[in-house]
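K.L.:
Chain by chain, the residues:
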Amino acid sequence: MSLLEVKDLKVQLLTKGGYATAIDGLSFTLDSGEILGIAGESGSGKTMTALSLLGLLPAHAKVSGSILFNSRELVGLNNKEWHRIRGQEIAMIFQDPMTSLHPMLTVKVQMTEHMIYHLGITEAQAIKVAEELLADVRIPDPGKALNAYAGQFSGGMRQRICIAMALACNPKLLLADEPSTALDVTVQAGILTLLNRLRSERNLSIMFITHDLGVLSSLTDRLLVMYAGREVESGKTKTILQNPLHPYTRGILDSLPDSDSGEKALKSIAGFPPELGKQPVGCAFSERCPYAVATCSVHKISPTIATDNHRYFCPVGPLSEAGIKS
Amino acid sequence: MTLNNALPILELSDVTVKYRRPDRKFITAVAGVNLSLHSGEILGLVGESGCGKSTLGKAAVGILPIASGEIQFESQKVEPLSRKSRPLNLRKLQLIFQDPYSSLNPRRKIGDQLADGLLNLGMKEDEAYEKSSALLERVGLSKSALTRYTHQFSGGQRQRIAIARALSLEPRVIVADEPISALDASAQAQVANLLVELVEEFGMGMIFISHDLSVVRQISDRTAVMYLGKIVEIAPTEELWSNPQHPYTKALIAAIPKPDGKGFMPLELPGDVPDPRLPPSGCRFHPRCPVAISQCAIQEPQLVSIGQRASSCLLINELHS
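Respectively, the protein sequence lines represent chains F and G. Position 159 of the first sequence, counted from 1, bears residue number 161 in my numbering, the numbering being contiguous throughout. Position 23 of the second sequence, counted from 1, bears residue number 92 in my numbering, the numbering being contiguous throughout.
Read the hints as simulated data drawn from the structure, not as lab findings. All of these numbers come straight from a predicted model, not from anything done at the bench. A virtual CB, placed ideally from N, CA and C, is assigned to each residue, including glycine. Take the hints with a grain of salt, since some may be wrong.
When the alpha-carbon atoms are kept at most 25 Å apart in a straight line, the in silico DSS-like pairs for lysine-lysine are as follows [what the hints assert, rightly or not]:
1. F:Lys240 - G:Lys327
2. F:Lys110 - F:Lys12
3. F:Lys280 - F:Lys266
4. G:Lys331 - F:Lys269
5. G:Lys161 - G:Lys146
6. F:Lys238 - G:Lys327
7. F:Lys174 - F:Lys238
8. G:Lys153 - G:Lys212
9. F:Lys280 - F:Lys18
10. F:Lys9 - F:Lys64
11. F:Lys266 - G:Lys319
12. G:Lys331 - F:Lys240
13. F:Lys130 - F:Lys64
14. G:Lys327 - F:Lys269
15. G:Lys331 - F:Lys238
16. G:Lys87 - G:Lys153
17. F:Lys64 - F:Lys12
18. G:Lys200 - G:Lys161
19. G:Lys212 - G:Lys193
20. F:Lys9 - F:Lys266
21. G:Lys161 - G:Lys193
22. G:Lys327 - F:Lys266
Short derived list, chain F residues pointing at chain G, Cβ under 7 Å [said to hold, decoys possible]:
23. Ser44
24. Ala63
25. Gly67
26. Ile69
27. Leu70
28. Ile129
29. Leu148
30. Ser156
31. Thr195
32. Arg204
33. Asn205
34. Ser220
35. Lys240
36. Asp256
37. Ser257
Let the sequences and hints guide you as you build the complete structure.
P.N.:
As structure tokens, then:
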């Protein structure tokens, strides 16, 4: 039994033109101690997926499908029930640790508040736990750090504090939304190493959201590639990165700088993703896809299973090694 | 493409830039940098945040005053921007900023923003708008953009508009400060390609400032690595990457995650860039350097050239002396 089982999740947001589908029939699982990477461009529904696991979607959003977390259905919980999940069983860290930390409150206040609320412990106990957590995420001099403000730390240190804060109530699942994107590569490497260690030490499950396939390659066990609110391909990270079967996955891999090619130009996928609510019934990537045939955009695409739980949503057939349709 | 024989189009000699902090103390953001840029060349400038690369870029086009040293553009001195009008020759030296959301004016039409520079030079209005629409088409937008506003465009399109604006005065040198960092992955490749094409088409020189090392590797002819206000290594890009000399360059390259599915964890460089108010003694990198010896804390290494490349590390300099 997986820790998290999302089935046919659909999220619709109210826009000027009525309801628009932001997530369309997404299904995936996440085991204990596993790191699942969610890849996709902005607007592909990555962050919306994370927010729907926390019940933090806009108030007017329509949600259908099922989110089974620890054998409990999360879709349809009321606000009070969500309070017990958020920050306690499922925690989240964000891209920009400057804006996710309060600039005018000390680290102590921010780190202990939810522990006192969720765990029912005293302030003194919470401070002790906070100190241990800060030491665990390698903040030098945790006692001093507790009395400091966010602005006194560098970006990497702030993200470490956010991670410590997220771990405070011992959550089973950590949602990480582009947590290393705003950091320098040297600092990013430290955050990735930290998350990997925490996963093994605490048997923590992590859903890691980013558009950076290099980062996903280092850290994640499995990958889910999203495009325009839908899954296009999922499977083991190694399999997907070394042998992508969907043209979109191939396209984003090809657009990465490849210095061995000796060419100055970067390859890019022509065109733009469809606007929210304007996805075709069929494949949303068909407009930009070099292999698309006329029927691609018309029929709903069902997944094709390759080996080892590797599946992709493309009616034309798999891409061979060279990226040419077989 | 390094044109060793030709005179550099932009030359920075021992440039130092200082900021005065609210506590009235000075911090040295750029501490004695020498750089030269040739026409048709893309020079990548990389380093962690806080290393002074943006400051250096702004100083190079004269929008920040320098504390000492000299900047020469087309053999004329670059004067810092003042209340007086900018010397005419400097219009050929342009800057593109990171965030096209804040570098374009949300309340003015794109056409008006593009035509500003041309009208200032005394061009007739209809000519200026005609040229603006040609520029928009050159950067891959339709001329209908002239009458639209910034918010009607995506990040990648906005950066194209900002590039068109920089191009309007036919620059000889463009300093691009993290021009693609704020964009989506697919827009990044498109805008980076556009910049490379423009450099080739117009034979401009470009300083490409970025923390994204892999993009710099792909597009730049030479790469300079900056650490705490100083250039620690500069070399033709491929040589720098295949055979980095300075321990800091090595650490930067080792920290890049590779999307090969092999699952290697990138290597962390412990610690942060030190406070520029109190730069470490000797080599500025020594507190974080994995191979530092005791001498590194005492003696400041000089940037020593060997062939086309140069690096500043006591250990390397000793090897070659």
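K.L.:
Against each hint, give a clear statement of whether it holds in the structure.
P.N.:
Each hint tested on the structure:
no.	hint	in the structure
1	F:Lys240 - G:Lys327	holds (12 Å)
2	F:Lys110 - F:Lys12	violated (38 Å)
3	F:Lys280 - F:Lys266	violated (35 Å)
4	G:Lys331 - F:Lys269	holds (23 Å)
5	G:Lys161 - G:Lys146	holds (13 Å)
6	F:Lys238 - G:Lys327	holds (16 Å)
7	F:Lys174 - F:Lys238	holds (22 Å)
8	G:Lys153 - G:Lys212	violated (34 Å)
9	F:Lys280 - F:Lys18	holds (13 Å)
10	F:Lys9 - F:Lys64	holds (15 Å)
11	F:Lys266 - G:Lys319	holds (23 Å)
12	G:Lys331 - F:Lys240	holds (6 Å)
13	F:Lys130 - F:Lys64	violated (41 Å)
14	G:Lys327 - F:Lys269	holds (17 Å)
15	G:Lys331 - F:Lys238	holds (11 Å)
16	G:Lys87 - G:Lys153	holds (22 Å)
17	F:Lys64 - F:Lys12	holds (8 Å)
18	G:Lys200 - G:Lys161	holds (17 Å)
19	G:Lys212 - G:Lys193	holds (18 Å)
20	F:Lys9 - F:Lys266	violated (43 Å)
21	G:Lys161 - G:Lys193	holds (20 Å)
22	G:Lys327 - F:Lys266	holds (19 Å)
23	Ser44	holds (5 Å)
24	Ala63	violated (23 Å)
25	Gly67	violated (27 Å)
26	Ile69	violated (27 Å)
27	Leu70	violated (28 Å)
28	Ile129	violated (26 Å)
29	Leu148	violated (19 Å)
30	Ser156	holds (5 Å)
31	Thr195	holds (6 Å)
32	Arg204	violated (18 Å)
33	Asn205	violated (19 Å)
34	Ser220	holds (4 Å)
35	Lys240	holds (4 Å)
36	Asp256	violated (9 Å)
37	Ser257	holds (5 Å)
Hint check: violations occur at hints 2, 3, 8, 13, 20, 24, 25, 26, 27, 28, 29, 32, 33, 36; the rest are consistent with the structure.
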